[in-house]
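Enquirer: Sequence:
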Amino acid sequence: MPRTSDSTPGDRAPQENWSTVRVDRVRTPRIQKATMSTIPVHLPLPTEIRRRWTALALIQHAIGLGDDMISMHRTPFSTVWTFDDDGGGNWAQLTCLDDGRAAICGNDHESSERQFLPQWPEAEVPVQVAGVPEWWIDSLSEISSRARPVGFVYGFDDSGWRRASYAHDDGAEYLLESATSDAVTIREAVEALDLAFQDVIDDLAEEAIDDEDWAEPEYTPELGALTALVAAGAAATVDMVRAACSPVPCAEDSVVEALEGFGGTEVLR
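By the count of this note's numbering, the sequence shown reaches residue 271 at its end, each step adding exactly one.
It is worth saying that the hints were derived from the structure and are not from the lab. Every residue, glycine too, gets a C-beta built ideally from N, C-alpha and C. Treat each hint with caution, since some may be false.
So the derived label-pair ranges between C-beta atoms look like this [as the list claims (entries may be wrong)]: (1) Asp171 - Glu193: 20 to 28 Å; (2) Pro78 - Asp241: 31 to 39 Å; (3) Asp255 - Glu220: 24 to 32 Å; (4) Ala185 - Gly66: 22 to 30 Å; (5) Ala132 - Leu225: 31 to 39 Å; (6) Ala237 - Glu126: 27 to 35 Å; (7) Arg76 - Gly226: 14 to 22 Å; (8) Ala132 - His44: 47 to 55 Å.
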């Protein structure tokens, strides 16, 4: 759920003490297994996270938010998804390499107890990346801003999701909640649609200003259509998105553009 607190986590070095010298990373994927210093993490498969974030992204495009919350871009070796939770500094980024490996990083400004910038002196390696494979760290090069603090970095290969071993709360549990199950994703979509429906109500109220019998309608989510949309992900059609949004109007041109980008295939209306 979006949070608006302005609290900042403790137990971190002041930003002015961080090095501003970036250590350039080779972008070519390198196979390197997680070391014994990493521990398993329970997260959905990268494909499941992508599918659920795709469904939420299609909803946001349909209701006129564009790339405000979820966006995607491709690199020569990977597909990168960026999730901005609430516009207040909470973010996550999923990098899916073409060989099936993946890395996810991010920061929850309320819950990530220790943070670092995606650049650091070699003598001061953050605990979140201590002993991890180099290709996990390579994924940090895709972060949109070098000034974005990072609270966690996880990696995925044939052994599953893993992270460095540390005891503090890194904020990932709260930030990645929207992708943990279809039910949670549907709940997030319903909340976004309910907010968009308020604009519909405002328009209807203005039109019915002289109608004494007018009653404010309530938003009733199309749960069957939303379930189908979340299950489909990038395989969804414009009709599926429209049905999931009803009775909120669907910005079809924006949905078409999003589907073409997410799926890279011909979009079916």
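Enquirer: Would you mind marking each hint as holding or not holding in the structure?
Expert: Now for the hints, and whether the structure bears them out:
1. Asp171 - Glu193: 20 to 28 Å: holds (24 Å)
2. Pro78 - Asp241: 31 to 39 Å: holds (34 Å)
3. Asp255 - Glu220: 24 to 32 Å: holds (29 Å)
4. Ala185 - Gly66: 22 to 30 Å: holds (25 Å)
5. Ala132 - Leu225: 31 to 39 Å: violated (44 Å)
6. Ala237 - Glu126: 27 to 35 Å: violated (45 Å)
7. Arg76 - Gly226: 14 to 22 Å: At 33 Å between Cβs, range violated.
8. Ala132 - His44: 47 to 55 Å: violated (21 Å)
The structure does not agree with the numbered hints 5, 6, 7 and 8 stated previously, though it agrees with the rest.
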